[in-house]
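Asks: Each chain, letter by letter, is given below.
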Amino acid sequence: MSVNISIRNAVKRYGENTIIPDLSLEIRDKEFFTLLGPSGCGKTTLLRMIAGFNTIEGGELYFNATCINNMEISKRNIGMVFQNYAIFPHYTVQQNVEFGLKNRKLPKERIKADTREFLELMQILEYKDRMPERLSGGQQQRVALARALVIKPDVLLMDEPLSNLDAKLRLEMRQVIRNLQREVGITTVYVTHDQEEAMAISDRIAVMKDGIIQHVGTPREIYHRPANIFVASFIGRTNFLEAVFRKADGNILLGGHEFSVPGVSSDDDEEPVVLSIRPEDFTMAKTDSGGIRSTIRDSIFLGLNTHFIVNLPGDQSVEIIHESQMDSNFKPGDTVYLTVKADKINVFSRDGKRNLSREN
Amino acid sequence: MKTDVLRKLKLDIWSLVTLGVLVLYGLFLIYPLFNLLIQAVVDKKTGQFTLDYFIKFFSKPYYFNTLLNSFKVTLAVTVLTVMLGTPLAYFFARFEIRGKGFLRILIILSSMSAPFIGAYSWILLLGRSGVITLFLRNTLGIQFPSIYGFTGILVVLTLQLYPLIFLYVTGALKNVDNSLLEAADNLGCSGFRRFRMIVIPLILPTLFAGGLLVFMRALADFGTPMLIGEGFRTFPVTIFNEFISELGGDDGFAAAISIIAIIITTFVFLIQRYLSTRKVFSMNSMNKIRPLKARGITNVMIHLYSYIVIGLSIMPQVYIFYTSFKKVQGTTFVPGYSFGSYEMAFNRVGRAITNTLLIPGISLVVIVFFAALIAYITVRRRNIFTGTADAISMVPYIIPGSVVGITLLIAFNKPPVLLSGTILIMVIGLVLRRLPYTIRSSVAVLQQIPMNIEEAALSLGSSKIKAFYKITMPMMAAGLVAGAILSWVTMISELATAILLYVGRTKTLTVEIYTQIIRGNYGIAAALSTILAFLTVISLLVFNKVSGNRELSL
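Each protein sequence line maps, in turn, to chains A and B. Quick note: the first sequence uses this note's numbering, first residue 3, plus one each step. Quick note: the second sequence uses this note's numbering, first residue 93, plus one each step.
Since the hints were derived computationally from the structure, they do not count as laboratory data. Don't be surprised by glycine CBs; every beta carbon is placed ideally from N, CA and C. Be a bit skeptical, because a hint or two may be false.
Computed beta-carbon distance windows for the label pairs [stated by the list, open to error]:
1. I389(B) <-> E119(A): 54 to 64 Å
2. R382(B) <-> G305(A): 20 to 30 Å
3. R184(A) <-> N379(B): 26 to 36 Å
4. R184(A) <-> M175(B): 19 to 29 Å
5. N71(A) <-> F359(B): 40 to 50 Å
6. S165(A) <-> R382(B): 42 to 52 Å
7. L304(A) <-> K380(B): 53 to 63 Å
8. N166(A) <-> R387(B): 25 to 35 Å
9. F413(B) <-> N71(A): 42 to 52 Å
10. K114(A) <-> M486(B): 18 to 28 Å
11. K170(A) <-> N267(B): 44 to 54 Å
12. M133(A) <-> K164(B): 51 to 61 Å
13. M175(B) <-> D131(A): 46 to 56 Å
Think about it this way: if two alpha-carbon atoms lie no more than 35 Å apart in a straight line, the pair counts; the simulated DSBU-like pairs of lysine-lysine are [stated by the list, open to error]:
14. K32(A) <-> K266(B)
15. K107(A) <-> K266(B)
16. K154(A) <-> K192(B)
17. K192(B) <-> K77(A)
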């Protein structure tokens with residue numbers, strides 16, 4: 003069985019301190035859902051509320067139609083993978099994996115079979131008699147996953163499970179987790195502060211800040227149409243430029259230059275706005291073909307790409323990323339003309355709270 | 093030539109220090125122990141090798157039973173302290189308890205007094221004519237079971253020593269990652285089952301170490317069985333009686349019993365080593381266990397348990413404090429309150445107070461000096477000689493206090509080195525017994541100080557000895573002083589060694605209290621005990637100030 007999770011107006015307080023003021027969220031059945039945000043944004047707090055380690059001061063948590071607000075941790079039927087794995091150091095790999103089954107008082111044969119199945123699935127059968135201290139980080143991670151999944155949980159919760167691994171293992175385990183989740187077909191809530199990891203692994207992502215969900219959407223949605231400036235800056239790299247939107251002709255006025263951006267709407271005739279333009283969405287040309295006249299201040303060669311710092315008229319500067327060429331024409335001090343892929347620009351109100359670009 | 097030889101041997105100032113330490117240990121520990129062994133196996137009249145003393149001990153139930161008694165009561169105390177102290181430490185770590193800070197102070201205080209003072213207070217409370225016994229008998233007609241003998245020793249030592257387990261386990265729980273507890277809960281294992289399946293196995297090495305300490309202290313304790321044991325004779329009491337016996341004590345026999353005692357404690361020590369090294373788990377605690385608010389009946393039970401255990405353990409001291417202000421006529425308490433006991437205490441035994449400041453004071457200086465040096469050579473100049481010095485320095489850890497006393501007396505009661513009756517011999521006794529603890533805590537402190545700080549000093553032209561006392565020593569200072577204060581507290585409440593080594597001039601507070609209790613001067617004893625407790629409290633306050641939030645380690 004798998005379940006959908008409903009969080010309705012959840013509140014979390016520590017004494018006077020409100021961590022989560024009012025949070026509602028629907029996590030769908032069999033979905034890989036990620037809570038993403040900087041440290042201290044409340045993502046782990048929310049995960050621990052679902053797990054039952056944290057109390058809930060207001061609102062309700064539902065698994066399907068069952069309110070789990072006051073359900074005991076051990077009754078929630080949740081599989082949990084901890085940041086440091088929390089492998090019991092005094093048990094062997096096998097004893098760790100069968101621990102949850104034993105607590106459920108299942109028949110011996112069943113425990114044996116299930117444990118073996120998941121040891122095999124996680125490819126750690128050969129280590130079953132080892133003590134955890136003799137396992138590598140990746141192997142411990144596999145034990146933690148096997149132990150969480152063998153109890154056939156309704157929901158799988160993971161708290162930054164890859165943060166203790168080195169870069170190479172992180173990529174490998176990311177794939178393992180993704181495939182496993184699809185194979186087992188289990189509603190999964192995943193916490194991370196790594197936006198790339200979140201994009202790679204998730205069906206949907208909730209970007210959080212200060213205990214408030216800023217944006218819920220697919221990786222594609224939050225990358226291309228971030229709900230506000232915080233999301234735009236947190237997901238990927240971007241340049242923010244101050245400009246003005248003129249309702250009459252739908253044009254953007256930027257440093258004495260005008261261009262049209264499709265699908266922007268505003269209540270005011272002339273609204274001050276902030277443009278968010280990804281570094282890869284600029285095109286640089288040596289000759290003037292209607293672009294913004296700018297000067298290259300610096301360039302940084304990074305192998306695959308080259309980054310340019312470019313000064314725009316009116317004291318604004320942007321970062322531009324181009325695929326590296328064998329012989330680069332662009333050098334610091336050069337004058338270039340910038341054009342922008344207009345459909346990929348996001349236009350925010352000046353306070354940064356609203357995206358004026360229409361969903362498309 | 094000479095410098096060449098020195099260079100070949102890599103002799104420097106630290107080699108000389110090592111040599112000095114080894115010589116001193118040879119003189120004041122190895123030689124006396126060797127002497128003890130000779131005494132035990134050589135017939136004094138014939139000068140022949142003999143095992144008569146050992147045969148005498150094992151063939152006569154009168155003696156042999158004291159060994160069994162000691163084992164019985166010590167094992168019972170060890171098990172009980174673990175059963176009492178472990179849950180208490182777990183509750184303190186896991187749950188919010190009202191007045192936790194104050195309770196923690198009480199726990200430490202109750203462990204810091206001399207056990208025999210606790211015994212004496214329990215006699216005043218529950219003895220044949222104890223206040224509670226009389227109250228129960230006269231008003232309720234209930235005959236309270238006897239506190240003397242096995243039960244008495246068990247109660248007194250358990251309440252006295254469970255704080256050791258509490259402190260050890262508290263320390264161990266700091267290394268247990270909260271995620272492990274959460275993971276267990278998440279997998280359907282909570283409450284007592286989780287405590288048994290997860291917590292206990294993880295802290296098992298600590299329980300063994302704490303258990304060993306309790307075992308050693310309980311086995312070696314002399315004052316408690318002497319006062320409250322009555323017919324239930326234990327090992328240290330027998331050693332003392334055989335040695336001090338007014339009918340002309342038998343040194344050889346006392347030496348033989350001492351040897352048996354050392355063999356037993358060594359054996360127990362080795363078993364503990366074996367058990368605890370087998371089950372050590374390296375844990376890195378990222379998330380410490382945080383106290384939560386317990387609800388309903390659990391909350392009530394946790395509070396009740398904590399308050400009752402801690403209340404019982406601090407009761408003897410509170411009652412002594414109270415009786416010290418009672419009016420005394422002759423040797424009996426009469427209604428009313430006065431400072432009479434304090435006046436008498438200061439008039440009659442003022443010297444004991446100055447001695448208690450003087451003797452442990454001198455010992456403390458010596459201990460700090462040697463602890464710093466030995467810790468330094470064992471951490472920074474690891475070689476076979478410093479390793480030997482380190483190993484030898486730990487030997488007194490497993491020798492009961494009264495045996496240390498006897499060993500020193502037998503070795504130094506005749507020329508060429510006549511030390512008995514001097515302050516020096518008492519200082520040596522205290523230093524030998526306390527040095528192992530202070531060395532261990534200094535080693536721990538030193539291991540936290542990176543070597544390259546000292547190397548920086550050397551590269552800037554400082555000499556080795558200067559680098560030590562200008563750079564390393566000041567960095568060790570806080571840890572060293574904190575360890576020293578704890579040693580100080582232990583030394584001012586020490587009885588087992590002092591009772592053997594003192595003469596009239598060198599009587600200490602504990603010896604005086606013990607003597608006054610034996611004479612029935614309960615008022616003076618109470619006043620002196622209160623003064624001792626006062627000294628302890630002051631010392632602990634200083635400890636807190638110096639150490640910041642450093643953990644108390646014993």
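Asks: Work down the list of hints and note, for each, if the structure agrees.
Replies: Results for each hint:
A beta carbon spacing of about 41 Å between I389(B) and E119(A) contradicts the range 54 to 64 Å that was offered as a hint. Separated by about 46 Å at the C-beta atoms, R382(B) and G305(A) break the suggested range of 20 to 30 Å. For R184(A) paired with N379(B), a C-beta distance near 30 Å keeps the hint of 26 to 36 Å intact. Separated by about 50 Å at the C-beta atoms, R184(A) and M175(B) break the suggested range of 19 to 29 Å.
At about 57 Å, the beta-carbon gap between N71(A) and F359(B) misses the expected band of 40 to 50 Å. In this structure, S165(A) and R382(B) break the distance hint of 42 to 52 Å, their C-beta atoms being roughly 21 Å apart. L304(A) and K380(B) have their C-beta atoms about 41 Å apart, which leaves the hinted 53 to 63 Å range violated. Checking the proposed 25 to 35 Å range against N166(A) and R387(B) shows it holds: the Cβ atoms sit about 34 Å from each other.
F413(B) and N71(A) have their C-beta atoms about 50 Å apart, which keeps the hinted 42 to 52 Å range intact. The hinted range of 18 to 28 Å is not satisfied by K114(A) and M486(B), whose Cβ atoms lie roughly 48 Å apart. Take K170(A) and N267(B): their Cβ atoms lie about 30 Å apart, and the range 44 to 54 Å is violated. In this structure, M133(A) and K164(B) break the distance hint of 51 to 61 Å, their C-beta atoms being roughly 37 Å apart.
Under the hint 46 to 56 Å, the C-beta atoms of M175(B) and D131(A), about 33 Å apart, miss the expected range. As the CA atoms of K32(A) and K266(B) are separated by approximately 38 Å, the hinted pair breaks the 35 Å bound. As the CA atoms of K107(A) and K266(B) are separated by approximately 31 Å, the hinted pair is consistent with the 35 Å bound. A hinted pair counts as satisfied when its Cα atoms are at most 35 Å apart, and K154(A) with K192(B) does not qualify at roughly 41 Å.
At most 35 Å may separate the alpha-carbon atoms for a hinted pair to count; K192(B) and K77(A) meet this at roughly 32 Å.
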